[in-house]
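Each chain, written out:
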Amino acid sequence: MSPDLLLLIGKATLDTLRMVAIAGLIGALIGLPIGVFLATSGRGELFPAPNINRIVGLIINALRSTPFIILVVAIIPFTRLLTGTSIGTKAAIVPLTIATIPFFARLVEAAIREVDKGLIEAARAMGATPPQIVFKVLLAEARPALTLALTMTLVSLIGYSAMVGAVGGGGLGDLGIRYGYQRFMPDVMLVVVIVLIVLVQLVQSAGDALARRFDKKSR
Amino acid sequence: MTQSVPHAAPMVTFTGVYKHFAASGSGAAFTALDGIDYSVAKGSITGIIGRSGAGKSTLIRLVNGLEQASSGKVQVDGVDVGALDEAGLRTLRRSIGMIFQHFNLLSTRTVFDNVALPLEIAGVGKADIEKRVRPLLDLVGLADKHSRYPAELSGGQKQRIGIARALATEPKLLLSDEATSALDPETTQSILDLLKTINADLGLTVLLITHEMEVVKAVTSDVAVIDRGRIVESGRTFDVFTRPAHETTRALLSGLPGSKLPETLARSLKPAPEAGDRAIVRITFFGATAERPLVSQLISTVGTEVNIMAGTIDEIGGEPYGSLVVAYAATPETSGRAERFFTENGLVTEVLGYVA
Ligand SMILES: Nc1ncnc2c1ncn2[C@@H]1O[C@H](COP(=O)(O)OP(=O)(O)OP(=O)(O)O)[C@@H](O)[C@H]1O
Ligand SMILES: [Mg+2]
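Sequence lines, in order, name chains A and B. Residue numbers for the first sequence follow the working numbering, beginning at 1 and rising by one. Residue numbers for the second sequence follow the working numbering, beginning at 1001 and rising by one.
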């Protein structure tokens, strides 16, 4: 393989990492409070708002059931508004982020709901305010599960980021399509696939290790 | 009703308290508490005992406002709990500690940080938290475990941490919801001893609910028996134990070791005597009668055919107490002699039945 190609692969890997990191960060930052809200706003819960809860739930479901590739196309005007373009790495970050939010929010909701109700009761009995319960009890106790949720989100983001390549998004997917498929260079395709596998493995192992460190239950 | 400190203002008062739970389907609302009038004396260890579903947890949760009464009034140290807003409730809760059946410790916090949690919540500074938590860990005997996590502790140790945590904000009242139900008898005893120490040394009022008579017997000074949302009997623990009036109380008491008849005897008991039958009678001794040689007097008065079937000597609320089950001929003259002897000596007796 020529040095030029290797350079291309290196650049594409960095692009992918950039897309995953930025979309993951923003998506998680927005998805986290939404997930907490979903888990705590039912009837008789910490911040009871069952109607808003239902509406947010519907929006999340709608976003999650939209195939990613259709989402990418459907929000092009919005993407253009934000980034001034509809192709390239920068543009791809917008649909990636939009897809991350509902995905991560649902995982956060599940993680928070897993926290023992007795702990909420104990905190209430201590005179904790609802925000104190969220920060000192729910988020703290859910930390191992949240770490795994973030890991899972990043892994799917790597997959999605390869998909945006198909619509000119840049990164490893883009490289694989343009060289591996259109110019028929199977070796490039192979390297792209291997790099993706290694990335997923690294993220998963790091996430698992971190979650294990946070988990004080099973020791 | 007698209370241990009748002159002091009560720590908790329930006045005409009802609690209805809205039915989840189309069915009628469920009445969990059906007119509770009761007060918990300051400085007492008061037990509320009842079967599963009797309304114990609901009742205790009204005290710190985890649940609101449907009607009636709950007062803690003179404060009407139902009249407090959320901020008022939070202040009240910081003056009431609570311990739980399943401990409810945070798994991601160390022992030290678990005990520190109520202080953090109350906005106490780091240095003061340190000063407060150390002696508490000493008190419950777990100072060496301060940087362990709950998963590394035994059930009894977890409950000790639960107690230390409940005491962190220096409450005047400690609520215990089945705090020993998940523990073995020996560990239960050590936790109850700890509660006694805390009550005696810190002057803390303890309100505990349980379905175990042993727990009530071991630590409480006062007891109330709750059945289907009503308090059916209450008073000094010793009085309720030695002179149970309600059948729920008797049923709960019958599970105590020592009050149980031998299995074969219990099975052959008949409610009414036939010719030649013997009467089975439980005699309860307490106070002064526990110290007199009544058994030999009974035998010389009633006749030598008195048989001892079961017996126990124990202590309830610090007072000596004995129970003896005897059998004698169920003839009019023997029974007459026996009853006269019981009345003359002020003995409390109960005819359990008759056997052939
Ligand atoms: N939130 C609720 N909604 C509906 N019914 C409830 C609720 N909480 C309690 N109940 C009902 O009220 C009754 C009393 O419940 P409670 O938990 O006070 O019983 P308990 O005496 O503590 O029983 P246990 O010994 O099993 O803990 C039960 O029949 C229960 O089903
Ligand atoms: Mg209960």
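Because the hints were derived from the structure by calculation, they are not lab data. One or more hints might be untrue.
[Claimed, not checked] DMTMM-like, lysine to aspartate or glutamate: derived pairs with alpha carbons at most 25 Å apart:
id, chain 1, residue 1, chain 2, residue 2
1, B, K1260, B, E1274
2, A, K216, B, D1144
3, B, K1145, A, D187
4, B, K1270, B, E1350
Small disclaimer: the values here were computed from a predicted structure and weren't measured.
Tested hints:
For the hint linking K1260/B to E1274/B, the alpha-carbon distance of about 24 Å falls within 25 Å, and the restraint holds. Of the supplied pair hints, the one linking K216/A and D1144/B holds, its CA atoms being roughly 18 Å apart against a limit of 25 Å. In summary, the hint linking K1145/B to D187/A is not supported, as the alpha carbons are separated by about 59 Å, beyond the 25 Å threshold. With a CA separation close to 14 Å, the supplied pair K1270/B and E1350/B stays within the 25 Å bound.
The structure does not agree with numbered hint 3 stated previously, though it agrees with all others.
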